[in-house]
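Between the sequences and the hints, there should be enough to build the whole structure, so can you do that?
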Amino acid sequence: MKYSYYPGCTLRTKAKDLDAYARVSAKALGFELEEIENWQCCGGVYPLGSDEIASKLSSVRALNEAKEKGQDLVTLCSACHHVIKRVNDDMKNVDDIRTRANNYMQLEEPYAGETEVLHFLEVLRDRVGFDKIKEKVVNPLTDKKIGAYYGCLLLRPGKILEFDNPENPTIIEDFIRALGATPVVYPYRNECCGGYISLKEKDMSKSMCERIMDSADGMGAEMLITACPLCLYNLKKNGNDKLPVVYFTELLAEALGVKEEVAK
Amino acid sequence: MSIEKEFRPKIVAFCCNWCSYAGADLAGSSRLAYPADVKIIRVPCSCRVNPMFILRAFQKGADGVIMCGCHPGDCHYSTGNYYARRRMTLLFSMLDYIGVENGRTRVEWVSAAEGVKFSTTMNEFVEKIHSLGENVRLEDLRCKN
Amino acid sequence: MQELVNRAKELLADGTVVRVLGWKAGDLPYNPEPAYFTSAEELDNFVYNGFCGANLSKYMIEASKLEGKTMVCLKPCDTYSFNQLIKEHRVDRDKAYIVGVGCKGKLNVDKLKEMGIKGIQSISGAEMSDACDTLTIQTLYGEKTCAYADAMLERCHVCKGKEHMIYDEIIGESKDTKDAERFAEVEKIEAMSPEEKFAFFQKELSKCIRCNACRNVCPACSCRKCVFDSTKFDTAQKANVDSFEEKMFHIIRAFHVAGRCTDCGECSRVCPQGIPLHLFNRKFIKDINEFYGEFQAGADSEARGPLTNFTFEDCEPSIVTERR
Amino acid sequence: MNTAKKQAELIKEISGVNPLKCMKCGKCSASCPSYNEMDIKPHQFVSYVVNEDVESLVNSKSLWKCLSCFACVERCPRDVKPGKLIDAARQVVVRQKGQDYLSPNEIPELLDPDLPQQLLVSAFRRYRR
Amino acid sequence: MQRIGVFVCHCGSNIAATVDVKKVVEMALLEPGVVHAEDYQYMCSEAGQAKILEAVKEKGLTGIVVCSCSPRMHEATFRKAAERAGVNPYMVEIANIREHCSWIHKDMEEATKKAVILARAAIAKVNLNAPLQPGESRVTKRALVIGGGIAGIQTAIDIADAGYEVDIVEKTPSIGGRMSQLDKTFPTLDCSACILTPKMVEASAHEKINIYTYSEVEKVTGFVGDFTVDIRKKARSVDMNKCTGCGVCQEKCPSKKAPSEFNRGLNTRSAIYTPFAQAIPNVPVIDRDACIKFKTGKCGLCEKVCQAGAIDYAQQDEIITEKYGAIVVATGFDTIKLDKYDEYAYSQSKDVITSLELERIMNAAGPTKGHLERLSDGKAPKEMVFIQCVGSRCADNRGKSYCSKICCMYTAKHAMLIRDKYPDVNVTVFYIDVRTPGKNFDEFYRRAVEEYGVNYIKGQVGKVAPLPNGKLLVQGADLIDNKQILKEADMVVLATAIEPDPSVRKIATMLTASIDTNNFLTEAHPKLRPVESPTAGVFLSGVCQGPKDIPETVAQAGAAAVKAIGLLAKDKLMTNPCTAKADELMCNGCSTCANVCPYGAITYEVKQVNDHGIREDRRIAVVNNALCQGCGACTVVCPSGAMDLQGFSNRQILAEVDAICR
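Residue numbers (our numbering), protein chains in the order written: chain A, 1 to 264; chain B, 1 to 145; chain C, 1 to 324; chain D, 1 to 129; chain E, 1 to 662.
Bear in mind the hints are in silico, worked out from the structure with no lab data behind them. Do not rely on the hints blindly, as some may be mistaken.
Below 30 Å or equal to it, Euclidean Cα-Cα: the simulated DSS-like pairs (lysine-lysine) are [as the list claims (entries may be wrong)]:
| id | chain 1 | residue 1 | chain 2 | residue 2 |
| --- | --- | --- | --- | --- |
| 1 | D | LYS97 | A | LYS159 |
| 2 | E | LYS548 | B | LYS117 |
| 3 | D | LYS61 | E | LYS487 |
| 4 | D | LYS21 | E | LYS458 |
| 5 | A | LYS236 | E | LYS471 |
| 6 | A | LYS145 | E | LYS471 |
| 7 | A | LYS202 | D | LYS61 |
| 8 | B | LYS117 | E | LYS607 |
| 9 | E | LYS487 | A | LYS202 |
| 10 | E | LYS113 | A | LYS92 |
| 11 | E | LYS458 | A | LYS159 |
| 12 | E | LYS421 | C | LYS95 |
| 13 | E | LYS106 | B | LYS128 |
| 14 | A | LYS144 | E | LYS350 |
| 15 | A | LYS159 | D | LYS21 |
| 16 | E | LYS487 | A | LYS145 |
| 17 | E | LYS487 | A | LYS206 |
| 18 | D | LYS24 | A | LYS159 |
| 19 | A | LYS145 | E | LYS340 |
| 20 | A | LYS159 | E | LYS581 |
| 21 | A | LYS202 | E | LYS483 |
| 22 | E | LYS405 | D | LYS24 |
| 23 | C | LYS225 | E | LYS350 |
| 24 | E | LYS581 | C | LYS225 |
| 25 | D | LYS24 | E | LYS471 |
| 26 | E | LYS607 | C | LYS65 |
| 27 | C | LYS232 | E | LYS581 |
| 28 | D | LYS24 | B | LYS128 |
| 29 | B | LYS128 | E | LYS113 |
| 30 | C | LYS232 | E | LYS607 |
Now the structure itself:
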C-alpha cells in the first residue's frame with residue numbers, strides 16, 4: 001500500500017527523527033510513504049481569517065497532487081495535519097473558498113476536497129490496525145508507563161478533524177498498548193502546551209508545560225510521547241524536566257526492532 | 001416597445017395540512033420572511049398531489065412548483081409521503097428528461113416545528129427560480145394573459 | 001399457422017371455446033387485423049405471420065364480458081400485458097383459453113418503405129414455419145429481398161425473450177430477437193443538454209395529432225373513461241397546438257401506465273406520425289429499475305407495482321439533480 | 001457606517017462568527033488555558049464585538065495571549081467560537097501597516113538551536129502581515 | 001352558480017397593517033360568484049360572525065370565503081358560524097392572509113397583491129365546493145394509557161373515577177416510573193415514595209383500572225373512538241395469579257450480576273427481580289438474559305424455593321387485542337447519554353454522576369443505603385460541585401437545544417438536602433441562569449443560598465480533571481468576579497438534560513401522532529390545545545410532550561384525562577366528511593387504490609351500473625367512510641380519476657392552481 005506523504009518543514013530540519021522513524025516503521029508494517037514532489041510549507045497555522053485564500057493554496061497543491069496520484073495523503077506533524085485537514089474541509093464544503101482557490105490554481109480539473117487526509121496514527125489505527133502492529137512488535141515495551149500527550153491541534157475542532165473523541169481520546173493509548181507498554185491517562189493530555197506563544201510569552205508556556213508534566217507525573221507516567229515537533233520542543237524547553245518526551249514514531253521503531261536502521 | 005420588467009416568478013407550493021402547512025404557519029407566526037411569490041395550496045397529505053396538478057401549474061405559467069410534506073416516517077397517514085416520494089422522483093426525472101431545467105421542481109420535508117426550515121427552503125427555492133428565469137418550456141401560450 | 005387453425009377448430013368443435021381471437025387478412029399484404037372467429041368456416045380467413053404485431057390481450061377486456069370462453073392468441077411479449085390485466089381485474093382468466101403463439105420477431109412495413117421498397121404486392125418469408133431470416137417481396141417493380149431483422153419493429157430488437165408468461169398451451173416456435181440494448185435510446189437522450197432534449201421532444205411531439213391511437217391500442221390504457229376525456233380535470237378534448245398540451249398528454253399518459261407498462265411497444269407501432277412514444281415509457285421503466293430495483297410489469301399477476309409500493313429507504317426526489 | 005461599526009462588521013466577516021448566538025454561559029472562559037493572562041476574558045470578546053468596541057479589543061493584551069488551542073471553540077454549547085473572534089481581531093491589527101507584533105530584528109535573540117521551524121513560520125503568520 | 005360572500009379580517013393590525021383590506025374586498029367583488037364582500041376588525045369575534053350571518057340572510061349566500069388567519073386556527077369557528085346561518089359548513093374556505101402573508105411580508109403593495117391572489121384561489125375553490133355531511137361512528141368506552149409513571153397513573157385514575165375502563169401499559173415490570181426513582185421532591189421536600197406509593201396502590205386497586213406491566217404496545221389500527229390495539233405481554237416467567245410476592249426467589253437467585261435499572265446501574269440485582277420494594281404488581285420477572293436457567297439450562301433454584309409454584313419457565317409472550325375509544329401517551333423521559341461531554345469526565349471517574357444517580361445515592365433503598373459517599377472509594381465527600389445545563393440549551397449538535405426545565409430546582413433541592421444532612425460538606429453550584437418560575441420556587445432556591453449557604457457561581461464549567469489524589473479538579477470561571485475558579489471536588493454532579501423516552505418514536509409512528517425534532521410529541525395547538533395530539537383521539541400526558549416537573553405533570557395528566565373523558569362520554573362521533581369517493585361510471589375496478597390505502601378503507605363489489613344506457617355488472621371500488629381518513633393517496637394512483645377526494649377534489653385543487661397562476 002502506498003500513501004502520498006507530506007513531511008512539512010520541521011520534519012526536514014529539527015524533527016528529522018520523527019520522520020525517519022516513521023519511514024522505517026512504515027516499511028516494517030508493509031506500507032510506503034511516497035513523499036509528494038513539490039510540497040511547500042503549510043504555514044504552520046490554519047489561516048485565522050475566513051477570508052484568506054492565498055495562505056491555503058500550498059495545502060491545496062499538496063492535496064491536489066495526492067488526488068492526481070489517486071492516493072490518500074498522510075501527514076505526521078500535528079500542525080501540518082491540522083492545517084491540511086481543515087483546508088481540505090474548506091475545499092469540500094465551503095463554496096466560496098473552493099471557487100476562489102480554484103480560480104488561483106488553474107488546475108486541469110478543479111479540486112473539491114476529494115483527497116482523504118490521514119494522520120500517520122490514523123493509518124496505524126484504521127488501515128494497518130493496532131492488532132496487526134501488536135503481532136509485529138519484536139521488542140515489547142513491557143513495564144513502561146507512558147503518557148500520551150495529544151495537545152490541541154490533532155483533536156480540535158473535533159467536527160472537522162474527526163481524529164478521535166476530542167475530550168477523551170484513546171488512539172495514542174491504544175497505540176501504547178499495542179507496543180506492549182502501559183498507557184497512563186491523565187487529564188491534561190488534551191490541554192494546550194502554549195507552543196504557539198512560546199516565542200514571545202515564555203512564562204505562560206512554562207506554566208502550561210509544567211501543569212501538563214505534573215499531571216502526567218502525578219498519575220504515574222514515566223515518559224511522554226507526542227506527535228507534534230512544537231509540543232516536543234516546548235515541553236522539553238519549558239517543562240520541568242520531570243519526564244522525558246519523545247516522538248511516538250521513535251517508540252514504534254524501537255518496538256518493531258527497526259530503530260537501528262535510522263542512521264544517527 | 002416593451003419595457004424590461006423585473007422578473008417576479010410565480011411559485012406554487014403544495015403543503016400537507018399536518019406538517020408543512022403548520023410549518024408555514026409557524027414561519028408566519030415567527031415572522032420569518034420569504035418572498036411573496038410563493039403561494040401555498042393546502043392539501044391533506046403530500047400523497048394527494050397529482051402530477052397533473054404540477055404540470056397544470058406549469059402550463060398555466062408557474063415558474064416553479066415545490067411540494068412539502070411530513071418527514072418520511074412522520075406522515076399523519078403513516079405512509080402517504082412514501083408514495084409521494086416515488087411519484088415525485090419519477091415525475092421530476094421525466095421533466096428533466098424532456099429538457100425542463102431541473103430545479104424548477106422540488107420536494108422538501110418540513111415538519112410542523114420547522115418554521116425556520118420552511119422559510120429558508122422557500123427563500124432558496126425562489127432564488128433558484130430567479131436564477132433559472134421565466135419558465136418558457138412548459139408554458140402553454142394560450143394560457144398566457 | 002395451419003396447426004393453429006386446426007387447433008382452433010378443435011377447440012370450437014369440442015366446446016372448449018365459443019370464439020377465437022386472432023388475426024385475419026387486411027386490405028394489404030402487410031396489415032392483418034385482429035378479428036373474432038366463431039366457426040370453422042370463418043377460420044379459413046385466419047392469418048398469423050410476421051406482420052401480426054397487434055397485441056390481442058387488450059381485446060380480452062371486452063371478450064371477458066361475453067358469454068363463454070375465448071381462445072386468444074398471445075405472443076410471448078403479449079402475455080406480460082395479459083398478466084398485468086389479470087392483476088388489475090380487467091380480464092377474466094377463466095374466460096380465456098390462451099394459446100401461446102410462436103414469434104420470431106414482428107415486422108414494420110415502414111422499414112421496408114424506408115429501404116425504398118415500394119409498390120408491395122406480396123411478401124414471403126414471414127410465415128411461422130419460415131426461418132425468418134430473409135424476406136422476399138414482390139413489388140410492382142420486381143422482386144426485392146431484405147434481411148428479416150432489418151424490417152423488424154423496434155421493440156423486437158429489445159425482445160423480452162421467447163418465453164410465454166402465461167398460457168394454456170403453446171403452438172409454434174419462438175425466437176429471442178434481441179440485438180440491441182433496451183435503454184440505449186433513453187441513455188442517448190439523457191446525455192443531451194436540456195436544450196437538446198427540449199428540442200428533440202418538441203420536434204417529435206409537435207407531430208402529434210391527438211388521434212389517440214396510442215391510447216386506444218395500449219393494454220395499460222384501459223380506463224373506461226380516460227382522464228383526458230373527463231370533465232374532472234378540465235383536460236377534455238383540447239385542440240392540438242405544438243405547445244404544452246401534447247407534452248402534458250404524453251407525460252401523464254406515460255405516468256399513468258408507469259409501473260404497469262410492459263414495454264410492449266404498441267404505442268410506437270401504431271402512431272401514424274411515427275412518434276417514438278415508447279421513449280417515455282421506457283424512461284420510467286429505466287428510472288424504476290435504477291431507483292427501486294428491477295421490475296418487469298406483467299412478469300406475474302400478483303407483485304405490487306412500484307408506484308403502489310415503497311421502502312423506507314427510497315431515494316429522495318433530489319436524486320434527479322444530484323446524479324447529473 | 002461609522003468606523004466602530006465597520007470594524008465590528010469586519011471582525012464578524014473575517015471570523016465568520018455570529019456573536020448574537022452567545023448565551024453568556026462562560027464555558028469559553030472556563031476552558032481557556034490563558035484565562036489568567038487575559039485582560040479581556042474570552043466570554044467578553046462577544047460583547048465587545050456586539051457593542052462595537054473593537055478598539056478596546058484590538059488594544060487588549062488578550063490578543064497576544066490566545067493560544068489558538070480551540071478549547072473554547074470545541075466546548076462552546078452555542079457554536080459561537082469566541083476563539084475565532086480573537087483570531088479575527090488579531091488579523092485586523094496585523095493587516096494594518098506597521099502593526100506587526102513581531103519584527104525580524106527581535107528574532108535572533110529569541111532563537112535557540114532546537115527551536116523548530118514551525119514555530120517561526122507560525123509566529124510570522126500570527127504576528128505579521 | 002354559487003353566491004359567495006367574502007369576509008376580510010383585519011385581525012386588529014396583524015393583517016391590516018400590511019395588507020390593504022379594502023383593496024382585497026374590492027378585488028374579491030370582481031371574481032365570479034362573489035355577491036358580497038366586506039372587511040371587519042375581528043371576523044372571529046361575536047360581532048364578526050354576526051356579519052356573516054347577516055350577509056347570508058340578506059344576500060342568500062351559498063358559499064363563504066374568510067380571508068383571515070390560518071385555517072388551523074379558525075376554520076372550525078367559521079364553519080360553525082356558517083352552520084348557524086344555515087349554510088353547509090363545508091361551503092366555507094379560508095384564505096390564510098395572516099401567517100402566509102401579512103406576517104411575513106413587509107411591503108404593503110406586495111402583501112396586498114398576494115392576499116388578493118390567495119382570496120381568488122379560495123373563491124375559485126368555493127365555487128366548486130359541494131355541501132358535505134359528516135357521518136357518524138361509534139365510541140368504544142375504554143381508554144388506553146401508554147406509560148405507567150406518575151403521568152399515566154394520574155390520567156388513569158382520573159378517567160377511571162369518571163366511570164370508564166382504563167388499561168395502563170407499562171414496559172417495565174412495575175408502574176411508578178421516574179418518580180419512583182426520586183428521593184425527595186421540590187419545593188416541599190416530600191419523600192417521593194411517600195406520595196407516589198398511595199397513588200400506585202389506588203391505581204392497582206381501582207376496579208376500572210387494568211394494569212399491564214412488562215408489556216408494550218405492538219400495533220395500533222383504527223381511529224378516534226375506535227382504535228384496535230395489540231399489546232404484547234412479555235413473558236414474565238412467573239405466574240401472576242400464583243405468586244404471593246414473598247421474595248424468597250430473589251434472595252436465593254444465584255445470579256446477582258445484572259445491573260439494576262432502578263438504581264441506574266450503580267449496583268446489581270438478581271436475575272429474578274422486582275425493581276423495587278414497593279413495586280406494583282409485587283410479582284417478580286425473570287430477566288432471561290441474566291438467568292442461568294435460561295442461559296445454560298441448569299439451576300432452576302427459584303422454581304425449587306417457590307412455595308406457590310409460580311415459576312413458569314415455559315411462559316410465552318402473549319398478544320392481547322383490545323378496543324379503545326381514546327389513547328393517552330405518557331411515555332415520560334430519560335436522561336441523555338453523556339458520551340459527547342467527556343470534558344466533564346463522566347466516563348473517566350465514578351465520582352462524576354448524574355443528578356438522577358444522586359437521587360438513588362441519597363435514597364435509603366439505593367446503592368449506598370442513603371449514605372452520601374463516593375462510589376470510587378466509599379469515602380464521605382467534603383466538597384461537592386454541581387454543574388448545571390449539561391446537554392441542555394446546546395446549539396451545537398452535542399446536546400439538546402431546549403432547557404430541561406427541572407434541573408435548577410432539583411439542584412437547589414440536592415444542595416439543600418446535602419447541606420442539611422451533612423453540614424460539613426461544601427456545595428458549589430455552577431450555573432448559567434437560575435430559572436425558577438413556579439409557585440414557591442424562587443423562595444426555595446433563595447433558601448438554598450441564604451439559609452443553607454450553598455455557593456452559587458455564575459459560569460459554566462470548562463473541564464473536570466481527575467487528579468492523582470483521587471479528587472476532581474473543576475475548572476471554571478466566575479463571570480461576576482471575572483476570576484478563574486479551580487476547585488478540588490470530591491464529587492461532581494451533572495444536571496444532565498432530559499429527553500423523551502426513546503420508545504416514543506415507535507409509539508408516535510403507530511399512532512400517526514407527530515413528534516418534533518427533539519422527539520417530543522407535538523400538541524394540537526401550543527397554547528390552546530396543549531394536551532391533545534393533532535391526531536384525533538390521542539392525548540398527551542407528562543414529559544412526552546415537553547419538559548415539566550411533577551406538579552405540572554400531574555396537572556397535565558388531569559387535563560389529558562378530562563379530554564379523554566370528554567371523548568368517551570360521547571355515544572357517537574361525527575366523522576370527517578372529506579373522504580374519498582369513487583365515481584361508479586369511471587371506476588375500472590383495478591384495485592390499485594386499495595393497494596395504497598393505509599386504512600383498508602377500500603373494498604370492491606360487483607354492481608350493476610347503467611353507463612349511458614349500457615347496463616352491465618362491474619367491479620367497483622367502495623370507500624368505507626368511517627375508515628377513510630381523507631389522505632388522498634388513492635386519488636393519485638387512480639389512472640382514470642374515478643377516485644376523488646371530497647373537499648379536496650381534483651377540480652377544486654386545479655381551480656386553486658389556476659387562480660394562483662392567473
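Going through the hints against the structure:
{"no.": "1", "hint": "D:LYS97 <-> A:LYS159", "in the structure": "35 Å, violated"}
{"no.": "2", "hint": "E:LYS548 <-> B:LYS117", "in the structure": "27 Å, holds"}
{"no.": "3", "hint": "D:LYS61 <-> E:LYS487", "in the structure": "26 Å, holds"}
{"no.": "4", "hint": "D:LYS21 <-> E:LYS458", "in the structure": "19 Å, holds"}
{"no.": "5", "hint": "A:LYS236 <-> E:LYS471", "in the structure": "28 Å, holds"}
{"no.": "6", "hint": "A:LYS145 <-> E:LYS471", "in the structure": "22 Å, holds"}
{"no.": "7", "hint": "A:LYS202 <-> D:LYS61", "in the structure": "15 Å, holds"}
{"no.": "8", "hint": "B:LYS117 <-> E:LYS607", "in the structure": "49 Å, violated"}
{"no.": "9", "hint": "E:LYS487 <-> A:LYS202", "in the structure": "26 Å, holds"}
{"no.": "10", "hint": "E:LYS113 <-> A:LYS92", "in the structure": "42 Å, violated"}
{"no.": "11", "hint": "E:LYS458 <-> A:LYS159", "in the structure": "28 Å, holds"}
{"no.": "12", "hint": "E:LYS421 <-> C:LYS95", "in the structure": "90 Å, violated"}
{"no.": "13", "hint": "E:LYS106 <-> B:LYS128", "in the structure": "22 Å, holds"}
{"no.": "14", "hint": "A:LYS144 <-> E:LYS350", "in the structure": "26 Å, holds"}
{"no.": "15", "hint": "A:LYS159 <-> D:LYS21", "in the structure": "19 Å, holds"}
{"no.": "16", "hint": "E:LYS487 <-> A:LYS145", "in the structure": "28 Å, holds"}
{"no.": "17", "hint": "E:LYS487 <-> A:LYS206", "in the structure": "22 Å, holds"}
{"no.": "18", "hint": "D:LYS24 <-> A:LYS159", "in the structure": "22 Å, holds"}
{"no.": "19", "hint": "A:LYS145 <-> E:LYS340", "in the structure": "28 Å, holds"}
{"no.": "20", "hint": "A:LYS159 <-> E:LYS581", "in the structure": "53 Å, violated"}
{"no.": "21", "hint": "A:LYS202 <-> E:LYS483", "in the structure": "23 Å, holds"}
{"no.": "22", "hint": "E:LYS405 <-> D:LYS24", "in the structure": "18 Å, holds"}
{"no.": "23", "hint": "C:LYS225 <-> E:LYS350", "in the structure": "74 Å, violated"}
{"no.": "24", "hint": "E:LYS581 <-> C:LYS225", "in the structure": "16 Å, holds"}
{"no.": "25", "hint": "D:LYS24 <-> E:LYS471", "in the structure": "28 Å, holds"}
{"no.": "26", "hint": "E:LYS607 <-> C:LYS65", "in the structure": "14 Å, holds"}
{"no.": "27", "hint": "C:LYS232 <-> E:LYS581", "in the structure": "13 Å, holds"}
{"no.": "28", "hint": "D:LYS24 <-> B:LYS128", "in the structure": "37 Å, violated"}
{"no.": "29", "hint": "B:LYS128 <-> E:LYS113", "in the structure": "22 Å, holds"}
{"no.": "30", "hint": "C:LYS232 <-> E:LYS607", "in the structure": "23 Å, holds"}
Hints 1, 8, 10, 12, 20, 23, 28, counting from the list given before, are not met by this structure.
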